[in-house]
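Trainee: For the sequence shown, the residue numbers in UniProt numbering are 1 to 365.
Please note that a few of the clues may not be correct.
[Said to hold, decoys possible] Derived DSS-like pairs: lysine-lysine, alpha-carbon spacing no greater than 25 Å straight-line:
hint, residue 1, residue 2
1, Lys292, Lys324
2, Lys291, Lys324
3, Lys324, Lys294
[Said to hold, decoys possible] Computed spacing ranges between beta-carbons, pair by pair:
hint, residue 1, residue 2, range
4, Val206, Ser112, 21 to 31 Å
5, Gln101, Pro236, 45 to 55 Å
6, Ile150, Ser185, 15 to 25 Å
Since the hints were derived computationally from the structure, they do not count as laboratory data.
If you're wondering where the values come from, they're calculated on a predicted model, not measured in any experiment.
All C-beta atoms in this analysis are idealised placements derived from N, C-alpha and C, irrespective of residue type, glycine included.
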Amino acid sequence: MMPAMLTTRPSILERLPNEMLAEIIQHIPRKDLLSACTISRLLNRLSIPFLYRTIYVSDTEYKKFKNFLDVMEKYADTKAPLSRHVHEFWLLLTHESNIPQDVCERLLVTLSGCSNIRRLNLVSHIRDESRLRTFLQTAHFPSLLNFQYITDPIEANDLTVFLNHHPTLTKLLLTCRNTYHCPLSEIRLPCLQQFSGNCCFVKSLVCERTLQIMCIFFAMDDIPTVLERLEPMIHPDGHILVVTGVSLDLPVAVRQVADKIPNTMYLIFRDLVEDPVLSSEDVNEIETQLKKFKDLGCLELDTVNKSRVHSAVEDKADLAAVEKWGRACKSLHRVVLHGRHWVYEHPGWEVTDSLSPFEMLLQKL
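With the hints as extra help, turn the sequences into a complete structure.
Mentor: Right, dumping it as structure tokens:
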């Protein structure tokens, strides 16, 4: 192991440039990195930034949670606070969290001091809403690029304040625990490339043709309004649109996307509660709409229940539908229908066990 080698041959340390040693250190597993800190002051100094680069805080490991706060507070007022090394911060506080309110307050104070954060994931149920709302209104991370947040409607407008303080954001994932109908203040994010969240947030979002990946939870009635809102914000060189929702009329939804955003490259309908039983009229309507897309490569119609076994007759009907859609849209090469993943390999379509378009997308996020 790396620490053992450094212990037996310490002279190597004296000859390696710090930049080279730091490059080596960042590839050492965390457990071994902790051991390396005890070998020499040089290794300790070079290891600390990598040890604190990514922080996971969870109430399921309260002792580690508390120790983290103690250490961060110990060095908070020194010339070299540990908070400056934190680039990613993940917070998970559950509904059943029994963490005292004073500890939650300490956590928010510590988090506010991590000024170099680039990725912030907050999945929290902090019971004292006033403290969390104050944090959202006042916190500022100049280098923040990626933000994930699960919010309650009561915090929604405080959240817009936070977002408008961070125009550097390129990735945003927002989930509202309950339906939110009240209008939100405008959210201006000029650099945003990826958005995932409830459609209520899209109605307040403003960016200028930067969006490339969108994963949006719709109600059927919201689709036309939200697509109209999205259209001027989408990057002209194509994008991925993931539509999740219940009780979607698939032929109508495909038509609405084709009319508003024809340069969609991936069109993915996820978590449909019911297996989409498509009539011949539905298949023909989708065929008509697919002709409008400029460069659609993937169409995914996926359901929550993937365990139902389909008969040979149903599989034959699915193949006929997929072939018809492929003729209508020459760029189409992947289709997910009734839990089967079809890929076009000349001279025809065949079922494959490879990743679905959505699974491939998850690897990019």
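Trainee: So the hint says 45 to 55 Å: do the beta-carbon atoms of Gln101 and Pro236 match that?
Mentor: The hint (45 to 55 Å, Cβ to Cβ) holds, given that Gln101 and Pro236 are roughly 49 Å apart.
Trainee: Do the beta carbons of Val206 and Ser112 sit within 21 to 31 Å of each other?
Mentor: holds, 26 Å
Trainee: Can you confirm whether the C-alpha distance between Lys324 and Lys294 stays at or below 25 Å?
Mentor: With a Cα-Cα distance of about 17 Å, the restraint between Lys324 and Lys294 holds, given a limit of 25 Å.
Trainee: Holds or violated: 15 to 25 Å for the Cβ distance of Ile150 and Ser185?
Mentor: holds, 19 Å
Trainee: Is it true that the CA of Lys292 sits at most 25 Å from the CA of Lys324?
Mentor: holds, 15 Å
Trainee: Is the straight-line distance between the alpha-carbon of Lys291 and that of Lys324 25 Å or less?
Mentor: At roughly 11 Å apart (the allowed maximum being 25 Å), Lys324 and Lys291 satisfy the hint.
Consistency with the previously given hints is maintained throughout, with no hint failing.
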